[in-house]
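**Q** Protein sequences appear in the order of chains Z and H. Take 30 as the starting number for the first sequence in my numbering and just add one per residue. Take 575 as the starting number for the second sequence in my numbering and just add one per residue.
Hints listed in this document are in silico derivations from the structure and should not be mistaken for laboratory results. One or more of the hints may lead you astray.
Pair by pair, the computed Cβ-Cβ distance ranges are [claimed, not checked]:
(1) Ser828(H) - Phe162(Z): 14 to 22 Å
(2) Ser711(H) - Ser74(Z): 36 to 44 Å
(3) Ala693(H) - Gly216(Z): 37 to 45 Å
(4) Gly617(H) - Thr84(Z): 25 to 33 Å
(5) Glu290(Z) - Ser828(H): 24 to 32 Å
(6) His672(H) - Gly90(Z): 52 to 60 Å
(7) Ala632(H) - Ala150(Z): 32 to 40 Å
(8) Asp245(Z) - Ser828(H): 31 to 39 Å
(9) Gly756(H) - Thr287(Z): 44 to 52 Å
Here are some of the chain H residues that sit facing chain Z, going by a computed Cβ distance under 8 Å [what the hints assert, rightly or not]:
(10) Arg641
(11) Ala763
(12) Arg764
(13) Arg796
(14) Gln824
(15) Ser828
Positions of the beta carbon are idealized from the N, C-alpha and C atoms, including for glycine.
Residue-level listing of the chains:
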Amino acid sequence: MPNTAQALPAAQESCAGSRLGAPAAPSLVRDTQDLLLSVENLAKSFTLHLRDGLTLPVVSGVTFDVVAGECVALGGPSGAGKSSILKMVYGNYRIDAGSVRIADGEAFAEVAGAEPRQMLALRRTRVGYVSQFLRVIPRVSTLDVVAAPLRAEGVDEETAKARAGALLARLNLPERLWSLPPATFSGGEQQRVNVARGFIGSQPLLLLDEPTASLDAANRQVVIDLIREKKAAGAGLLGIFHDAETREAVADRVVDVTRFEA
Amino acid sequence: MTTDTPLLTAQGLAKYYGHRLGCRDVDLTLHEGEVLAIVGESGSGKSTLLGLLSTELAPTAGRVAYRMRDGETRDLASLSEAERRLLLRTDWGFVRQHAEQGLRMAVSAGGNVGERLMAVGWRHYGDIRSEATDWLSRVEIAAERIDDDPRTFSGGMRQRLQIARNLVTRPRLVFMDEPTSGLDVSVQARLLDLIRQLVEEFGLAVVIVTHDLAVARLLSHRIMVMKSGRVIEQGLTDQVLDDPREPYTQLLVSSVLAA
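In isolation and in its complexed conformation, chain Z is listed as follows:
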């Protein structure tokens, strides 16, 4: 049910029970088994010291949850702070205030102020990220780039490479390219490598920053299928989708980021 839930409080909307219509009154107490991400009162601004300390407020009071099996889209125009929110959840941007908690086994791990090695462990096993641009490592083959997250989880090389190949094939990346480093690939090819690398892991929470931005219709459909499969497997996804068609196809609800304007 895309785009219908903007006005509802997030906690009610994504309560599994209320979807089935079972409880008479929607409960604000979430089944924490299903809660994968909880963002509360998140705030961010940038201070540009090279511009006389100019402060650029980005967002404040950002509050929403993501539960297992749903895809939440961050909505709002460019510059509203959508990417900054994703980057804070991934530990890539610092958190000025508020809390980002990611389900980690029985407990929740706090991203704000996490030690680097805690954050890296979370990325290895709990939260994945598909960025818009691929950061290319010289001399590393496409197949190894894609297989790396699985190798980091401890999967053996042969299995990891086989699964990487299967994903690249699904994304229609010609096999003759697999042994090459993706540095010289086109934007669309690099993005498919990026998508494969992001979807190959088994992290239960996946962050997507415009995963279909430079893809043709056929490959966009593959990404839509991949997202649906992740949802069906019980993962939670948080994404930015500028392309309305993709958003309608995958998002269960939209969190309007303009509500959190700083």
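With chain Z fixed as given, assemble chain H onto it according to the hints.
**A** Chain H alone, transformed into the frame defined by chain Z:
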């Protein structure tokens, strides 16, 4: 294998050269398999800090402790000279910017690698030679160069030989001081990729001093930014580089030319 006890710990480290400050107030912990980059301009104190951590310099204040292979954490100042030398030759490596300071230039490539093996008790010539050959191939040096001395090697080859010499004893901690500076860009990329692979394969802990933020981004998990002898900012590598907080870090990051 990995434990929660840090491999290397420094507390309140300071070094003064007479009245001149080298570095001060440095605290750090490093765990097994962690790669820490120390970045900053020349004169920021990063090489001094590396010297203090690796016991090449004696601190004016503070202490450095290391978890030895037997699991016991020792204050490095309490080691005997023999213990310290053994540590440097076996469980530690040090890759220097200028290969001639890290290699024995008049000894063959094979000898440079084999020497470290002999220091840990290898005696059989054939074993040493075959292990050395194996390591030369790992660092992409042709086996037929094994009897040539490093004076006949290019800069990139010398650095790769230095890496083989350091890693042959399977150290747990390697210090690197600007290992790619002064090399051609293509040679640099090859060397960086090799270092990255070996670090991953052996789960090495590394403290790498570099002024090159791209090197830090590629290799390190964490960054410490130094300025005027102090650590002014630190954290996860991509966080410090993508969201730098301190004015000096913002200047460093914004000064990099995008290729």
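**Q** Against this structure, judge whether each hint is valid.
**A** Here's how the hints hold up against the structure:
Here the CB-CB span from Ser828(H) to Phe162(Z) is close to 19 Å, well matched to the stated 14 to 22 Å. At roughly 53 Å, the beta-carbon separation of Ser711(H) and Ser74(Z) lies outside the given 36 to 44 Å, and the hint is violated. Range check, Ala693(H) to Gly216(Z): about 52 Å between beta-carbon atoms, so the 37 to 45 Å window is missed. About 31 Å separates the C-beta atoms of Gly617(H) and Thr84(Z), a value consistent with the hinted range of 25 to 33 Å.
Between Glu290(Z) and Ser828(H), the C-beta spacing of about 26 Å keeps the proposed range 24 to 32 Å intact. Remark: the range hint 52 to 60 Å for His672(H) to Gly90(Z) is upheld by a beta-carbon distance near 54 Å. In this structure the hint that Ala632(H) and Ala150(Z) lie 32 to 40 Å apart at CB holds, the actual value being about 36 Å. The hinted window of 31 to 39 Å between Asp245(Z) and Ser828(H) holds, with their beta carbons roughly 36 Å apart.
Take Gly756(H) and Thr287(Z): their Cβ atoms lie about 51 Å apart, and the range 44 to 52 Å holds. Interface hint status for Arg641(H): violated, as the beta-carbon distance to the closest one in chain Z is roughly 16 Å, over 8 Å. Hint status for Ala763(H) relative to chain Z: holds, with the closest Cβ pair at about 4 Å, below 8 Å. Given the 8 Å rule on beta carbons, the hint for Arg764(H) holds: about 7 Å separates it from the nearest Cβ of chain Z.
The beta carbon of Arg796(H) comes within 5 Å of a beta carbon in chain Z, closer than 8 Å, and the hint placing it at the interface holds. Given the 8 Å rule on beta carbons, the hint for Gln824(H) holds: about 5 Å separates it from the nearest Cβ of chain Z. The beta carbon of Ser828(H) comes within 6 Å of a beta carbon in chain Z, closer than 8 Å, and the hint placing it at the interface holds.
The structure fails to meet hints 2, 3, 10 from the earlier list, while all remaining hints are met.
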